[in-house]
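Chemist: Everything in the first sequence is counted per the numbering used here, starting at 49 for the first residue and increasing by one.
Simulated from the structure, these hints should not be mistaken for lab results. A portion of the hints provided could be inaccurate.
Said to hold, decoys possible - Keeping only pairs whose Cα atoms sit at most 25 Å apart, straight-line, the calculated SDA-like set for lysine to any residue is:
| no. | residue 1 | residue 2 |
| --- | --- | --- |
| 1 | Lys78 | Glu111 |
| 2 | Lys186 | Asp151 |
| 3 | Lys434 | Ala406 |
| 4 | Lys179 | Glu221 |
| 5 | Lys340 | Thr382 |
| 6 | Lys198 | Asn173 |
| 7 | Lys179 | Lys134 |
| 8 | Lys387 | Trp424 |
| 9 | Lys359 | Val135 |
| 10 | Lys100 | Glu282 |
| 11 | Lys100 | Gly345 |
| 12 | Lys121 | Lys284 |
| 13 | Lys211 | Glu270 |
| 14 | Lys134 | Gly345 |
| 15 | Lys387 | Met463 |
| 16 | Lys312 | Phe199 |
| 17 | Lys284 | Asp317 |
| 18 | Lys78 | Glu103 |
| 19 | Lys211 | His224 |
| 20 | Lys322 | Phe199 |
| 21 | Lys78 | Lys387 |
| 22 | Lys107 | Glu221 |
| 23 | Lys100 | Lys121 |
| 24 | Lys110 | Gly345 |
| 25 | Lys97 | Gly345 |
| 26 | Lys340 | Glu136 |
| 27 | Lys284 | Glu103 |
| 28 | Lys322 | Thr437 |
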Amino acid sequence: MESNSPKDTLVRSQETESLVKRLAGPSSGKAGLAKDQTEINRIISDASKGSKFYENEKKKDKEVTVRIEKILKYKEEAFKNLDVAKVEASMDHLIEQLEEQRDLTQLIVHVDMDAFFANVELLDNPSLAGKTFAVVGKGVLTTASYEARKFGVRSGMAAFIAKKLCPHLILVENRHWRYSEISDQIMGIFHRYDPDMCPAGCDEGYLNITAYCEEHAMTAEECVREIRETVFRETKLTVSAGIAPNKNKPNGQYQLDFDAKAIKAFTHDLPIRKVPGIGRVSERLLEAIGIKASTCGDIYTQRAVISIMDKQFGLVYLLRTYLGISSNTVQAHTREERKSIGAERTFSTLHKLDDILAKLDEVAAELEKDMQEDGWVGRTITLKYKLDTYRVFTRAKSVDHWVSKKEELYAVRQMIHSSHLTNINILLDWQRPAPP
DNA sequence: GCGGATCAC
DNA sequence: GATGGTGATCCGC
């Protein structure tokens, strides 16, 4: 095999490009590309180069490349005997059926606090106003102020990398108790508008305001303005909202027309990476099979390919994404619906088994404490640990009785088969998903 | 049921 | 010098 074929060169240059993008972190592509993102990515990559973290990312990137090669081979094979016109016609039929399920009667709102942790810090320390600062926990950023974001600083980024991008960056330590305090307050406000509202993390949620608007003879827009004003009045924090007939997240503060055509126009140019569930890897895989512009509009033009790759990508999920149809029911999760509880710690590399077991004991004790608070019990104990190479191992064991004690959690020590640990995670499942 | 991977926040 | 913690889900054994 000649190693300098055009295809080879292409694959290799793609690989470095995707690695550089990967190193920029999971949230970098999410907010839309900055003008000088290439330069930012270069700085990040240079700062990482040579580290074990970098080597691990390189390995994972390579694995995705191999996955892509397999998928392309499969695609080529499946395409050989494919009557494209016929498949497209049957896809069009399926799309019609899905279109019939579109329900435009519900007023669904997605509310999302602006730079939540950062703005809470700003609230409690006004001297941060206008400054480039970020909130940091365990060496990793959880939020960045809008001023800092201009430098390419993003949540999920290592603090020392952020400092390279923005040397004057002020680092503020996480204060979790403070955020949950305010989170409770905000969720309380959202509840007044929809008692069944569904929180998504501590700073955002989905509301169905159909009933509220009916009862108070309000339009959705008026209602959402009132929600946002109430949050600001009671917390002095700002919130953005998107209004739509289902849970597809609109962009920022936005009301989507309640009309199939307008919704499809919206998704047509929407980068597929912004769709919940499409992350960095799926974006790369989809790009490889022809979602070239990486927008949802390409789902339609590539419907024949996608139909033969149903297994890999989920045909109906993608078609519904193209149509801009998603669930429009909002329901709070009940405590009973929770499926697992866990505790995780990262530490500097431990080599001696005794030290590792001591750490494991700490994590087990922490998990037992959290379990007691909620009266939680489970049947499957999973141990996850990470080596200093960032390689992760998982070992699970299901038992025939309910586990609640730290002694039983600590028993996972039998499953450790390495040293050089930097992270330990113990997870307890209430019930594993039943096989179909 | 288990282990690896991906994803969201 | 250095890259988090919690919970969910899907796929291929």
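Chemist: With reference to the structure, classify each hint as holding or not holding.
Modeler: Verification of the hints:
| no. | hint | verdict |
| --- | --- | --- |
| 1 | Lys78 with Glu111 | holds (22 Å) |
| 2 | Lys186 with Asp151 | violated (45 Å) |
| 3 | Lys434 with Ala406 | holds (16 Å) |
| 4 | Lys179 with Glu221 | holds (16 Å) |
| 5 | Lys340 with Thr382 | violated (41 Å) |
| 6 | Lys198 with Asn173 | holds (21 Å) |
| 7 | Lys179 with Lys134 | violated (59 Å) |
| 8 | Lys387 with Trp424 | holds (10 Å) |
| 9 | Lys359 with Val135 | holds (16 Å) |
| 10 | Lys100 with Glu282 | violated (46 Å) |
| 11 | Lys100 with Gly345 | violated (39 Å) |
| 12 | Lys121 with Lys284 | violated (55 Å) |
| 13 | Lys211 with Glu270 | violated (42 Å) |
| 14 | Lys134 with Gly345 | holds (20 Å) |
| 15 | Lys387 with Met463 | holds (22 Å) |
| 16 | Lys312 with Phe199 | violated (34 Å) |
| 17 | Lys284 with Asp317 | violated (35 Å) |
| 18 | Lys78 with Glu103 | holds (24 Å) |
| 19 | Lys211 with His224 | holds (23 Å) |
| 20 | Lys322 with Phe199 | holds (21 Å) |
| 21 | Lys78 with Lys387 | violated (28 Å) |
| 22 | Lys107 with Glu221 | violated (32 Å) |
| 23 | Lys100 with Lys121 | violated (32 Å) |
| 24 | Lys110 with Gly345 | violated (28 Å) |
| 25 | Lys97 with Gly345 | violated (37 Å) |
| 26 | Lys340 with Glu136 | holds (19 Å) |
| 27 | Lys284 with Glu103 | violated (44 Å) |
| 28 | Lys322 with Thr437 | violated (31 Å) |
The earlier numbered hints that this structure contradicts are 2, 5, 7, 10, 11, 12, 13, 16, 17, 21, 22, 23, 24, 25, 27, 28.
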